[in-house]
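The residues making up each chain are set out below.
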Amino acid sequence: DAGITQSPRHKVTETGTPVTLRCHQTENHRYMYWYRQDPGHGLRLIHYSYGVKDTDKGEVSDGYSVSRSKTEDFLLTLESATSSQTSVYFCAISGDGHDYTEAFFGQGTRLTVV
Amino acid sequence: RKEVEQDPGPFNVPEGATVAFNCTYSNSASQSFFWYRQDCRKEPKLLMSVYSSGNEDGRFTAQLNRASQYISLLIRDSKLSDSATYLCVVNGGDSSYKLIFGSGTRLLVRP
Numbered sequence: 001d002a003g004i005t006q007s008p009r010h011k012v013t014e015t016g017t018p019v020t021l022r023c024h025q026t027e028n029h030r031y032m033y034w035y036r037q038d039p040g041h042g043l044r045l046i047h048y049s050y051g052v053k054d055t056d057k058g059e060v061s062d063g064y065s066v067s068r069s070k071t072e073d074f075l076l077t078l079e080s081a082t083s084s085q086t087s088v089y090f091c092a093i094s095g096d097g098h099d100y101t102e103a104f105f106g107q108g109t110r111l112t113v114v
Numbered sequence: 115r116k117e118v119e120q121d122p123g124p125f126n127v128p129e130g131a132t133v134a135f136n137c138t139y140s141n142s143a144s145q146s147f148f149w150y151r152q153d154c155r156k157e158p159k160l161l162m163s164v165y166s167s168g169n170e171d172g173r174f175t176a177q178l179n180r181a182s183q184y185i186s187l188l189i190r191d192s193k194l195s196d197s198a199t200y201l202c203v204v205n206g207g208d209s210s211y212k213l214i215f216g217s218g219t220r221l222l223v224r225p
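Heads up: the sequence lines are chains G and F, in that order.
For the first sequence, this note's numbering gives the first residue as 1, with consecutive numbering after it.
For the second sequence, this note's numbering gives the first residue as 115, with consecutive numbering after it.
Some hints here could point you the wrong way.
Stated by the list, open to error - Mimicking EDC-like on lysine to aspartate or glutamate, the simulated pairs with C-alpha atoms at most 20 Å apart in a straight line are:
1) F/Lys-212 x G/Asp-62
2) F/Lys-212 x G/Glu-102
3) F/Lys-193 x F/Glu-170
4) F/Lys-156 x G/Asp-38
5) F/Lys-156 x G/Glu-102
6) F/Lys-212 x G/Asp-54
7) F/Lys-159 x G/Glu-27
8) F/Lys-159 x G/Asp-54
Derived by calculation from the structure, the hints in this document are not laboratory data.
Please model the complete structure; the sequences and the hints are all you need to start from.
Structure below.
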């Protein structure tokens, strides 16, 4: 399995609090992604990164920010958590030096905002 | 219109059946295509890449039709262990590394 670790794996937080999820990889892959998965919507791209300090928005980026200060870490921050952000969050990596490679996923973070 | 569309199912089939899933995509510039499998409460895992000429891996066959912009997955001789959600994945045509997922098709294989 690809070396991807997400932390925390589970979190319950209160509305209005900031939350940061961490994705750590040991594969030196260039591209990293954050997705959220909700019933009936499948996986939706929040933000992605194509290099250190290079990030871009996905289709559901409102209310989220990201940072990538080094190749191995990609952080997702909810500035002020809302109940609509209760979801399962997956980090993924791709790009082992070839174009058009598949993505490998972390085990997911289950976030509940109460 | 969603960029990648799949029939959500569920497809409920007996063991040994052949089942086919289709997926359509909207961006004609897309160049990478994959099928992923996701078990309940687990992360998605790559099942197979989809090549222009079509490709087969054991009981699984994937086809790509660029003209009609659809991808298919055929599973022969279904096993109980094939029960899962199958996700169609396409790269965004404007950036090759942006992967777009369909909502998934759920397969239930019964004894």
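| field | Violating hint indices (sorted, rising) | value | 8
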